[in-house]
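Enquirer: These are the residues of each chain, in order.
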Amino acid sequence: MKIVISGIGTVSAAGINLSENLDSLRHGKRNSGPVSVFSSCLSYPVFEVKYLPEKWKIDGMRTLSLALAATEEALNDAGLPKQLSEFKAGVCLGTTVASQLNDMDFYNSFRKSGSADLKPVDRFLRGNIAEAVAHTVKAIGPATTVVNACSSGTDAIGIALSWLKSGICNVAIAGGADELNRVPLCGFGSLGILSNSLCAPFDRNRAGLNLGEGAGILVLEREDFYIRRGGKPVLYLSGYGSAADAYHLTAPRPDGKGLESALRSALYDSGISPEEVCFVNAHGTGTIDNDKVEGSVLSRVFGENISFFSTKGYTGHTLGGAGGIEAAYTAAALKEGWIPASAGFACRDDEIPLTPVTENTDIKGSFAVSTSLAFGGNNAAIVIERA
Amino acid sequence: MFISGIGIVFTRGRGIDSLEKALNQGWSSPSLTGPIPAYRVSQETLTDTSLSKKIRRADRFSRMAVLSAVDACRDSCINVNERGKIGIVLSTAFGPHSTTFSFIDDILDYGDANVSPTKFSNSVHNAAASYVSSVLGSRGPTITLAQFSFPFQNALVLAGLWLNEGRCEHVLCGCVDELNAVMEYACKMKLKTATDGKIMPFMFSPAPLSVPGEGGAFFMLSKEKCQNNYGEVTGISFSGKTNGKPDITIIDSDGMTGDETLYRETTNSTVAGYSPLFGSMLIGSAFNFAAASLILKNQLVYKCPVTDNPSGIKLCSTTSETGINQINCVRICGTGKISTIIMQK
Amino acid sequence: MEDSKEMSLGGIRKLLKDLLVENLSLEDIQPEDIKDDEILFGDGLGLDSLDAVEIVVLLQRNFGLEVRDMKQGREIFYSIDTLARYVHGNIKK
Numbered sequence: 001m002k003i004v005i006s007g008i009g010t011v012s013a014a015g016i017n018l019s020e021n022l023d024s025l026r027h028g029k030r031n032s033g034p035v036s037v038f039s040s041c042l043s044y045p046v047f048e049v050k051y052l053p054e055k056w057k058i059d060g061m062r063t064l065s066l067a068l069a070a071t072e073e074a075l076n077d078a079g080l081p082k083q084l085s086e087f088k089a090g091v092c093l094g095t096t097v098a099s100q101l102n103d104m105d106f107y108n109s110f111r112k113s114g115s116a117d118l119k120p121v122d123r124f125l126r127g128n129i130a131e132a133v134a135h136t137v138k139a140i141g142p143a144t145t146v147v148n149a150c151s152s153g154t155d156a157i158g159i160a161l162s163w164l165k166s167g168i169c170n171v172a173i174a175g176g177a178d179e180l181n182r183v184p185l186c187g188f189g190s191l192g193i194l195s196n197s198l199c200a201p202f203d204r205n206r207a208g209l210n211l212g213e214g215a216g217i218l219v220l221e222r223e224d225f226y227i228r229r230g231g232k233p234v235l236y237l238s239g240y241g242s243a244a245d246a247y248h249l250t251a252p253r254p255d256g257k258g259l260e261s262a263l264r265s266a267l268y269d270s271g272i273s274p275e276e277v278c279f280v281n282a283h284g285t286g287t288i289d290n291d292k293v294e295g296s297v298l299s300r301v302f303g304e305n306i307s308f309f310s311t312k313g314y315t316g317h318t319l320g321g322a323g324g325i326e327a328a329y330t331a332a333a334l335k336e337g338w339i340p341a342s343a344g345f346a347c348r349d350d351e352i353p354l355t356p357v358t359e360n361t362d363i364k365g366s367f368a369v370s371t372s373l374a375f376g377g378n379n380a381a382i383v384i385e386r387a
Numbered sequence: 001m002f003i004s005g006i007g008i009v010f011t012r013g014r015g016i017d018s019l020e021k022a023l024n025q026g027w028s029s030p031s032l033t034g035p036i037p038a039y040r041v042s043q044e045t046l047t048d049t050s051l052s053k054k055i056r057r058a059d060r061f062s063r064m065a066v067l068s069a070v071d072a073c074r075d076s077c078i079n080v081n082e083r084g085k086i087g088i089v090l091s092t093a094f095g096p097h098s099t100t101f102s103f104i105d106d107i108l109d110y111g112d113a114n115v116s117p118t119k120f121s122n123s124v125h126n127a128a129a130s131y132v133s134s135v136l137g138s139r140g141p142t143i144t145l146a147q148f149s150f151p152f153q154n155a156l157v158l159a160g161l162w163l164n165e166g167r168c169e170h171v172l173c174g175c176v177d178e179l180n181a182v183m184e185y186a187c188k189m190k191l192k193t194a195t196d197g198k199i200m201p202f203m204f205s206p207a208p209l210s211v212p213g214e215g216g217a218f219f220m221l222s223k224e225k226c227q228n229n230y231g232e233v234t235g236i237s238f239s240g241k242t243n244g245k246p247d248i249t250i251i252d253s254d255g256m257t258g259d260e261t262l263y264r265e266t267t268n269s270t271v272a273g274y275s276p277l278f279g280s281m282l283i284g285s286a287f288n289f290a291a292a293s294l295i296l297k298n299q300l301v302y303k304c305p306v307t308d309n310p311s312g313i314k315l316c317s318t319t320s321e322t323g324i325n326q327i328n329c330v331r332i333c334g335t336g337k338i339s340t341i342i343m344q345k
Numbered sequence: 001m002e003d004s005k006e007m008s009l010g011g012i013r014k015l016l017k018d019l020l021v022e023n024l025s026l027e028d029i030q031p032e033d034i035k036d037d038e039i040l041f042g043d044g045l046g047l048d049s050l051d052a053v054e055i056v057v058l059l060q061r062n063f064g065l066e067v068r069d070m071k072q073g074r075e076i077f078y079s080i081d082t083l084a085r086y087v088h089g090n091i092k093k
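Residue numbers (the working numbering), protein chains in the order written: chain A, 1 to 387; chain B, 1 to 345; chain C, 1 to 93.
Calculated from the structure, these hints are not laboratory results. Honestly, I wouldn't trust all of these hints.
Claimed, not checked - Mimicking BS3-like on lysine-lysine, the simulated pairs with C-alpha atoms at most 25 Å apart in a straight line are:
(1) A:K55 <-> A:K119
(2) A:K82 <-> B:K337
(3) C:K14 <-> B:K53
(4) C:K35 <-> B:K53
To be verified - Restraint ranges, calculated between C-beta atoms of paired labels, are given here:
(5) A:G79 <-> B:S52: 49 to 59 Å
(6) A:S36 <-> B:S52: 43 to 53 Å
(7) A:K55 <-> B:D105: 34 to 44 Å
(8) A:K335 <-> B:S50: 48 to 58 Å
(9) A:R126 <-> B:K21: 37 to 47 Å
(10) B:S52 <-> C:K71: 26 to 36 Å
(11) C:D33 <-> B:D17: 30 to 40 Å
(12) A:R126 <-> B:A181: 17 to 27 Å
Said to hold, decoys possible - Short, incomplete list of chain C residues facing chain B, as computed with Cβ under 10 Å:
(13) N23
(14) L24
(15) L26
(16) G46
(17) L50
(18) D51
(19) V53
(20) E54
(21) Q60
Yeah, the Cβ is synthetic: ideal placement off N, Cα and C, and Gly gets one too.
Given only the sequences and the hints, what does the whole structure look like? Please build it.
Expert: Below is the structure:
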């Protein structure tokens, strides 16, 4: 049973919907700036969503707001109603920030006085991202939140693929979302992997990543269900692979065997060989370690001539949202027949066997891959197919 | 999906033997020293010198995960390196919130630029699964899930799908949740506490009493029946309808999710509930599932630890050897949605 | 003067050993068991990249010292002795 990608929605610093996002990518617009959504003494450049639709602004639940905005776009794109109660619909979303009880005022009050206003706790209990989205769209099928750090979005899409293939649901909302938050900003800063300038994935002089925020959502449907309701498939989610490094809490496995395993598993799941892939949307964070490992693996699996790029130069690293946003971009790129220049890249790094595309490039082909590498050594890849 | 190994860390100790002992001994009092009675895991339980180096940085949450996952692996006698890829699914409701708060302490005490990177790394929800995979050398698919409604059930579903798809031959599937001062404060304010320390699963009250707990429970789940076998998971239903009539229905009523009146409608067979042994947890299903696994393996029904039963339903009121073919494990979440795990010998 | 400089260096070594054992959760090791020329990473004490950034924070918090460049950090963090000399030398400034 093939699984159709029937709708795409995305919100990021690059735009409030997919069309605006693609426009930013096409024109090389990098909408970064200093942190403004909260106070911090840290001055790293970040990628904030500037215009969140008013109807989705939920106080104290920014990640959910982003997810709902992208979900609305995706459902609209799929020609599905806003409420899905008549379908067997599931929701599988990745996040990092929304799964943490990290309200600093709440905790500060508790640690000072032993008591605190419990509204942040109530919000937290209502705000499990998949459960909250399922509640909003009245999805009555399975709902689960993936908290696999930076590969959460890709893993969530992979889980939805399994659900749909098994018939647990006919429709799934899948992807990821994360808001810019002081906790990860401080955390990534302490690890020494935030760049003081705009990130430069795969570049010789890359100096770290920039954090961002956003949401990327795919609507996925069983092909029989989609055709029965009058749809004509254009894009498919054809495979998913996941593998662990079993190496270190924060650093990727230097030999890249975890990512390689995830990639080969995704290709096997799709029933294709590496030669059939026309481009890869890499994780490409701009850190020394990630890009070196990922570049080597891409070369090993696809050869040195594979077209690839990172879009984190346009969105920042959106953590739980990254896999969802990058799946959205990959699907759109395959459909429209072009891929964007890899923002921030200028000079080849001799330790990386290949270089990303430096201009917007027309592509022909039926298959594309999106990869994600996460803290804790999780690696994930999906394969998208054009009909 | 066959249950070939179990590992547990909870208030009464570590290992499936400690749960079996608790099932035989019955109810014991929770700790009464904190803001509310609670079933906490002792520091001693979380100490393992054989793993010291590999988990030296791990926080309590990750330690509970590692110890219960390692024990499940050992219990199964499956060699991770020899028997093909093993997947890992860890599910939690609240994640490593103690470490999140400790990291926020750093921000408040030292400023944004002077915080501990180790604390931050441990506060990321998938750190625990990362430790598990590193300690075991397991490089299969590894996922951490977080949710409040059916954390254990959704993990089991995913494990089953991976096994059916051939992504792995075995899946280490489990749940972990922890307590700390903040969580106990929230429980005190939002839940009704059993001041005598006794959870009463069979009151079917709209305002049940709770005694929060913490711990980890992991299961080695296998596509084929293995040398060590507790039983088989033959279905997971979310519709309220199941096939076959169970010999026992184990219910997750523990005061954690509010109104428990709907559990009364699931009691058409002999009923059990073992939450008074390990505490009220959104992941409590995993511990009841472990008890069910022991019942199936040993063909021994364990007496319910607390038998207050105003409705007069048929309970497991004595420990006795008896033929058990099917157990249904039932959880009803706050919205009224019901889940049933069907287990067979 | 030379003696007091050496004592101060000795005091820093001791403090560093205490800080490392406590903050890096080095179980089964007592601070007094760590030799002055003990290599911190790799085959010595067995620290890794996450420990390295944790040490950067320890230096900031306890001595007000910043290590901006991790390549420089590799030399400073070579052993207890090199770390102590770095702290001692920069505190004087």
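Enquirer: Work down the list of hints and note, for each, if the structure agrees.
Expert: Do the hints match the structure? See the list:
no.	hint	in the structure
1	A:K55 <-> A:K119	holds (21 Å)
2	A:K82 <-> B:K337	holds (22 Å)
3	C:K14 <-> B:K53	holds (23 Å)
4	C:K35 <-> B:K53	holds (19 Å)
5	A:G79 <-> B:S52: 49 to 59 Å	holds (57 Å)
6	A:S36 <-> B:S52: 43 to 53 Å	holds (45 Å)
7	A:K55 <-> B:D105: 34 to 44 Å	holds (37 Å)
8	A:K335 <-> B:S50: 48 to 58 Å	holds (54 Å)
9	A:R126 <-> B:K21: 37 to 47 Å	holds (39 Å)
10	B:S52 <-> C:K71: 26 to 36 Å	holds (32 Å)
11	C:D33 <-> B:D17: 30 to 40 Å	holds (36 Å)
12	A:R126 <-> B:A181: 17 to 27 Å	holds (23 Å)
13	N23	holds (8 Å)
14	L24	holds (8 Å)
15	L26	holds (7 Å)
16	G46	holds (8 Å)
17	L50	holds (6 Å)
18	D51	holds (8 Å)
19	V53	holds (5 Å)
20	E54	holds (5 Å)
21	Q60	holds (5 Å)
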